[in-house]
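Visitor: The listed protein sequences derive, respectively, from chains A and B.
For reference, each letter of the first sequence is one residue, going 1 to 166 in my numbering.
For reference, each letter of the second sequence is one residue, going 1001 to 1580 in my numbering.
Mixed in with the good hints, there may be bad ones.
Claimed, not checked - DEER-style ranges, computed between Cβ atoms:
id, chain 1, residue 1, chain 2, residue 2, range
1, A, Asp99, B, Val1048, 55 to 61 Å
2, A, Gln122, B, Glu1143, 52 to 58 Å
3, A, Gln102, B, Val1048, 48 to 54 Å
4, B, Ser1206, A, Ala96, 27 to 33 Å
Honestly, the hints are just simulated from the structure, not real lab data.
Here the structure is a predicted model, which means the values were calculated and not measured.
Each residue gets a CB set at the ideal place from its N, CA and C atoms; glycine is no exception.
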Amino acid sequence: MIQSKICMLGGFGVGKTSLVSRFVHSIFSDKYLTTVGVKIEKKSVAVGEQQVDLIIWDIYGEDDFQKVRASYLRGSSGYLLVADGTRRETLATARALQDLAQSVIGRVPFVLVLNKTDLAHQWELPESDLVDLATGGWRIVRTSAKSGTNVEAAFDALASSMLTAR
Amino acid sequence: MAETLEKPREPAPDRFDELRSLIVGPEQRELRTLSAHVLDPSVQVRDVSRVLPDAIALHSKDSQLTRVLAPTIEDALTASVRRDPRPLADALFPVMGPAIRKAIAHTLAAMMDSLNRTVEQSISLRALQWRWTAFRTGKPFGEIVLLNTLQYRVEQVFLIHRETGLLLQHLSADLGAGHHADQISAMLTAIRDFVSDSFHTGGSDSLDALRIGELSVLVEQGPHAVLACVVRGTPPPDVHARFESALESIHLRFGPALEEFRGDAAPFEAARPLLEACLLSQYRTSAASGSYRRWAVAGIVLLAIAAIWGFIRIRDGRRFETYVDRLRAQPGIVVVSAERAGGRFVVSGLRDPLAADPTSLVAGTGLSPDTIDARWQPYQAIDAAFITTRAGDLLRPPPGVSFSYHDGVLTATGPARPRWIADSERLAPALAGVRRFAFEGVAPEVRLRQSLESTVLLFPRGEARLIPNQEAVIQAAIDGLAELNDLMRARGARARVDLLGHTDADGTEIENAPLSRRRAETVRALLPIGRLDALDIDVKALASTEPLTPGDTEDSKRRNRRVSVRVALPANAAQAGRTR
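Next up, chain B with everything else stripped away, as it sits in the complex:
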């Protein structure tokens, strides 16, 4: 066709061509213009740009154009975001900002509201009653609070296809409350039909509310869909307007889909945000004065709790100090640290295995042993008591031998064989704190007692004067008593010394008793009584009751005519001597 059109441009060689240009010249020119429009892309672009807006405007009511363009626009947006997300983000920023702020504000407000309610209700007298009700009825506390504070709450929303009664969408304020929603939707439709039929209402009139106790079903009816909202409590009148507006919006957006509905509810997923707006609720608010009172009561309760807590804390702190002082006073226990951590008492240090059990020291302080964490490291204490106990375990002393410890020297006192003493000298330095072993034999007071009690002063037959030449024996007794007196005085103790008068068995008791007394008094008269002030010296008349010998010969009788000495040491004298 292009060739045919190009030919007339060539100069007409003959008359036939001239004639042709005369007859079809205007058409040829028109054809040329049209061919330019058809074949020249730049002209085509200009043409299309002129008509495109009108064409889109003309087809905007037809969803086909939207459907055709949607994938292209989606692809274009995806590509744009992939290439550089900023231009789109900049463009959307003015829209996104307020939307996000609104969503956050809404969430925060709901959270604060819920928190306030929880605080209000957890401490009031009314809350106690509700808790009792919850306990009595076996219902959760939250449910009782809800029932008592709820003014109204839209619990479920059904969007129902009017013609078929089939469920298009269902929303519930509680998860898991959507069982059998499709059957309930149909039954609700049946009941509405039943009521309309039974009462022969006009075509447009229908059941718009059902009420069962606390629950009511509010029904809004549109040309193609019905909105049924299950409400607990008493809703304000304006909720009808809210439901109506939601239903109108749904008809506006989903009109064609509702008309063409053939059982597939998938397109109505997009209606959920509109239905969510119908899940309204409102709680009763209490009077401000009541609120202040509640806060005041709450404040007092909190103060009281704080005071009790503080008191208990201080008291326990004091008790713990007492306990630590007791520990410190114990030999074999070294407290390194004592502190409070996380509501518990923590005490740590060193403890000799022979020391008292720290747990037994808790008794009487008022503390519970469960609140104390003790960490003890074992060690060997060098207190005298522990060293002598350990020496007893290691050295196994013979009966009558005891230990004392002073300044690194372990001293054994009492009757012992040389072999044991030699072993002990070798082993004792192995004990912690012992440098040297010393053996002191018998204690001085015991030695003195033995010496004094071996004293025998003899008398002639029937007389109370001493046989001559016994001065050395008397002097030894006086020296021994003087030494015992000094020992006792140094210890602040007293010893009892009895001078015992004896006779032989000749004669009668009536004669012998005074005689034995006189003999003892004779000996007492020889003693420097005034100087022996730590001794209680007494005389005893034993007559012939404690003979030294059988008294069957004259020599034997002679030895029975005597005065002897008996020493009673104070009960603790021997012990004090050993631990000196």
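Bound conformation, chain A alone:
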């Protein structure tokens, strides 16, 4: 059994906490998010034969008032970049956060999660942008925290990328 620290990064209101809540049972209150700016969760996943305990740092959304604390990223083996498919500007935030993460922790595996697929009629992200990212080597998973679609898959994808990178 191995443990890995991962981070949830993304703009304000993209559904990071909802994704994590879909995934785990929480022991800490959500108020830590707005006070300390991070909330810790844990989830055990199996990648093939290997059992991995993911220690998930759900980091408060980047907005005008609160910037992501770079120190929270330190020691991460991977991260989920979360964007809201119905708000195009959140993809830009995700890109900026990816730059930040890479500068702090180097090139570690990450997965871009496009959340809120349940709101298909409000979808704003142009396919061309996504194709560009995929061509650049980004792994992209479309999820709906509301219905639970693909949420496990997003975490599994990250866990298997991290194991491969070890």
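Got chain A; can you put chain B on it based on the hints?
Guide: For chain B alone, kept in the frame of chain A given last:
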């Protein structure tokens, strides 16, 4: 190659060989020496033995050599122990002895400490207050004692990887307190980062203590790992040094593992003993005088308890003796043994089913029937009372017949038919204790009464002198009274004898009453009153109120002019006669 080297040893047949030996002779000699080193095992062993210590010393800093040698050394040790464990045991003895002694001493000291505390706290006034607090708050008593006597206790120890915040090891003083340790480890790291970021402290400065009420989290930071200790109470300053030293030891031993940590905490299992040393605790000690006072109070309480216990024991012993005496006094109960066993009274023996219920005899002794174990074997007692009761059940006597028993003889007294007497003579010896059946008929005093009351003494018309020729009747009455007098005197009892004077119905009552009295007095005058001292003899004037015959003829009137006798036996006379 060996062949090539051997050839120069042969004598050179021609000049070419000579020339060759001149040109390459030194190299050939050197080759020979080298080949000896390479091919001769004994030379190789010598060579390797010269360089081996240096080689090991050179590689001691490299863990690879350790890893390679470990299985071989382990196998060698296993083989050695299997072959003969003594050499290894002898070698380890100087190390094992002190280690075992230290471990035992440590355990004993902890046990004694805990015992002392329990004794101290279970009898003091303060303990009563704590018990009240425990009752009021619904918390276990132990927890209240702990909170009140604890100076400090390290409850949990987290060894955290500094870079990732991942948990390497976690220890807890209480079993079951390790839930979510990995998440707490990460959150603690986040909080420390938050504080460092928020207050822009220098690179090496970080949060080293958190305090929440009675709890504090003391944090020691090393280059690669962080030691966080959750402490209840107020720790002395030197615990920091203890934690620091533990963290240093961990860095010393696990430095490379910490540097290369990639999420697998298994190698740090070996750090548990170092972390266990951090689970420190200290309890408040009370002043010696208080301790003496407590012991004195405890002593007095114990003495009082012992005195009460002794008193109750002696009192119950006396009560039991009274009970056993009562049992022994009962007919049909034979007490074989009476003793005290395990706080209970045990009495055993024989009991006739007709005897009194032993449990009913407990009442009034002060003992509780629950404290008595009785074991009774049934038997048939030959007390007179039991034999006569059993005779009544078996022989079913006719009304008026009663039994008495003496020395093996069952005696029936009273009116009975010959058939019943014959049956009883046959059946009675079947009763335990009965050898013979005897029938005595009517009791003597009853017989005497019947005889006396049949006496009739006649008088002439209007006179109070006896008609002549009744001497035999008078003598029989005197004899009967004398016999009754003797019987009564023998029993210490008295009988009442009334001499009843009668007249016929002629004449008036005024005339007849004195006449009947005079007739009765005439008869009394004939009796030897002085000798009949157990009889109360009186006269009664009945006139013509109780005629013997209707009085319608002259002969009938003649028989009514008389004196008769009435005997009143004492109430218990008949009964006493039967059980004689």
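Visitor: Run every hint past the structure and note whether it holds.
Guide: How the hints compare with the structure:
1. Our hint of 55 to 61 Å for A/Asp99 and B/Val1048 holds, since their Cβ atoms are close to 58 Å apart.
2. Against the hinted window of 52 to 58 Å, the Cβ-Cβ separation of A/Gln122 and B/Glu1143 comes to about 56 Å, which satisfies the hint.
3. Checked against the hint of 48 to 54 Å, the C-beta distance between A/Gln102 and B/Val1048 comes to roughly 53 Å, which is consistent with it.
4. The beta-carbon spacing between B/Ser1206 and A/Ala96, approximately 28 Å, falls within the hinted interval of 27 to 33 Å.
Violation of the numbered hints given earlier is absent; every hint is satisfied by the structure.
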